[in-house]
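There are 2 protein chains.
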Amino acid sequence: MALPDQITFASSPALSRNVVDALRAMIASGAVGEGEHLKESELADALGVSRGPIREAFQQLENEGFIELRRHRGAFVTTLRRRDIEEVYSLRIALEQLAMERAATRITPAILARMNEVLDAMQHVSPDAPASEAVALDLDFHDLVYEAADHDRLMRSWRYIRSQVSFFLQVRNRSHPDFVSVGYAEHRQIRDVLVAGDPGRRPTRSSTTSGDALPAPRRSRERPGLIAASGRRDPA
Amino acid sequence: MALPDQITFASSPALSRNVVDALRAMIASGAVGEGEHLKESELADALGVSRGPIREAFQQLENEGFIELRRHRGAFVTTLRRRDIEEVYSLRIALEQLAMERAATRITPAILARMNEVLDAMQHVSPDAPASEAVALDLDFHDLVYEAADHDRLMRSWRYIRSQVSFFLQVRNRSHPDFVSVGYAEHRQIRDVLVAGDPGRRPTRSSTTSGDALPAPRRSRERPGLIAASGRRDPA
DNA sequence: CAAACAAAGATTGTTAACAATTATTCCTTG
DNA sequence: CAAGGAATAATTGTTAACAATCTTTGTTTG
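So the protein lines, in turn, are chains R and G.
Everything in the first sequence is counted per the numbering used here, starting at 1 for the first residue and increasing by one.
Everything in the second sequence is counted per the numbering used here, starting at 1 for the first residue and increasing by one.
In case anyone wonders, no lab produced these hints; they're calculated from the structure.
As the structure is a prediction and not an experimental result, all values here were calculated from the model.
Just to be clear, a hint being listed does not mean it is correct.
To give a feel for the contact side, a few chain G residues facing chain R, derived at Cβ under 7 Å [said to hold, decoys possible]: (1) G33; (2) H37; (3) E62; (4) I85; (5) L91; (6) R153; (7) M155; (8) S157.
We put the beta carbon where it would ideally sit given N, CA and C, even for glycine.
With the hints as extra help, turn the sequences into a complete structure.
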């Protein structure tokens with residue numbers, strides 16, 4: 001698995017939280033491969049905690065869709081297939097439509113100001129900055145849309161797929177360097193719709209999550225790529 | 001808290017799973033009041049397990065929105081306000097629209113058959129049967145819609161609010177005994193839409209989740225009722 | 001030599017004890 | 001007598017050991 005021998009954490013907040021962050025980073029960076037079996041004791045030693053917090057982190061990551069838990073078998077890194085991109089994509093659209101509807105009538109000047117800050121940062125980001133920077137701004141912007149929607153359960157649902165969206169966006173950006181330049185215009189349009197106060201009862205796809213969203217899956221090309229096409233997800 | 005001294009579980013499946021079910025029942029039945037502090041040791045003794053599974057169950061219940069976890073403070077039963085009904089209601093509509101779109105083109109004969117079975121049971125349920133029976137059939141039906149949608153993340157999002165929908169439906173049925181009779185016609189209509197194969201790109205509210213859904217919140221009446229209006233949810 | 005079975009090893013599920021933090025009680029003090 | 005604070009109690013966070021289950025390995029047998 002190629003783990004560092006010992007990792008020291010920043011400061012106090014919940015031990016399992018640090019473990020979650022560490023594991024998520026390991027999965028996103030590819031330090032642990034798809035389908036790999038994450039062993040509690042091994043991780044506990046490597047991260048310098050006991051198995052308790054590891055198990056808590058596993059539950060959290062399972063909720064975020066990064067690993068799969070099987071009783072008496074343990075945790076396995078989720079194998080992402082094209083189907084998973086479709087799922088995240090379509091679910092995100094459904095959630096964001098609701099978010100836009102609500103945000104349009106509830107957005108506050110404070111949130112709008114923060115939105116403009118993010119837009120400004122998007123406009124000035126260097127074209128050869130790392131992809132992660134543009135992705136972070138993208139997610140920051142949409143976080144604000146959900147925050148403006150003022151809907152606890154919707155926010156939680158967004159957080160559920162947020163990390164996955166982040167992961168997929170990073171992958172996309174490796175092959176579509178136009179991401180950075182496209183980002184600003186798309187998001188400014190979203191802001192304008194919100195400021196106008198009426199995204200329409202049914203906001204169109206393009207007005208909410210097109211350019212910045214995941215690439216629309218193409219059925220024609222079935223080769224794995226970075227997203228594996230093999231490996232069944234539910235071998236039961 | 002009025003807990004039984006000792007509860008014996010059915011059989012083998014994960015200990016924390018049984019704890020989750022037991023706690024959810026206790027909350028739904030009102031055996032533990034809103035805002036109440038659930039103590040790990042106390043529950044562990046009452047349920048005959050140690051604190052480990054209790055903590056796991058807490059995480060699960062927190063994900064389902066039934067309790068709130070605060071570090072070094074513990075678990076508190078969520079205080080439900082009118083706002084929470086609105087949230088579950090609106091989020092459910094968003095999810096179910098996506099589910100209907102997908103189910104319309106993916107539903108299998110096997111699922112359709114099970115749907116008809118549920119409809120049949122709905123038609124023949126006794127008018128003075130306990131409300132929980134009608135609610136169970138209602139949820140069974142919608143489970144099938146989501147199953148037909150064939151979308152893992154959508155299914156998970158549905159499960160996230162499913163228990164809350166169940167809870168709210170039971171509350172509603174106490175004041176609206178017409179629920180049972182209304183149920184059949186509404187759901188048969190949903191089935192027909194799916195069989196027709198096209199719920200429209202934008203299924204109307206009435207074709208998916210009207211009669212069986214939660215009561216549309218009325219802004220006029222702000223008195224608590226069973227759903228408390230007091231008790232802040234985020235006292236941070 | 002392949003398949004089935006048994007034993008050993010590894011891993012997860014659960015428990016009980018210890019440490020850190022928070023809540024409560026009771027005393028002091030103005 | 002009210003307000004503030006220190007000591008005590010209660011509760012959660014974490015750990016390490018034990019039990020149950022699964023996987024693997026090696027052997028036997030047809």
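Okay, the hints, checked on the actual structure:
Interface restraint check for G33(G): the shortest CB-CB distance to chain R comes to about 21 Å, outside 7 Å, so the restraint is violated. Of the supplied interface hints, the one on H37(G) is violated, with its beta-carbon coming no nearer than about 19 Å to a beta-carbon of chain R, more than 7 Å. Interface restraint check: E62(G) against chain R, minimum CB-CB distance 10 Å, threshold 7 Å, status violated. A cut of 7 Å between beta carbons decides the hint on I85(G): the least distance to chain R is about 11 Å, and the hint is violated.
Checking L91(G) against chain R by beta carbon gives a least distance of about 5 Å; that is within 7 Å, so the hint holds. For R153(G), the suggested interface contact is upheld, since its CB lies about 5 Å from the closest CB of chain R, less than 7 Å. At a threshold of 7 Å, the smallest CB-CB gap from M155(G) to chain R is about 10 Å, leaving the interface hint violated. For S157(G), the shortest C-beta to C-beta distance to chain R is roughly 6 Å, which falls under 7 Å, so the interface hint holds.
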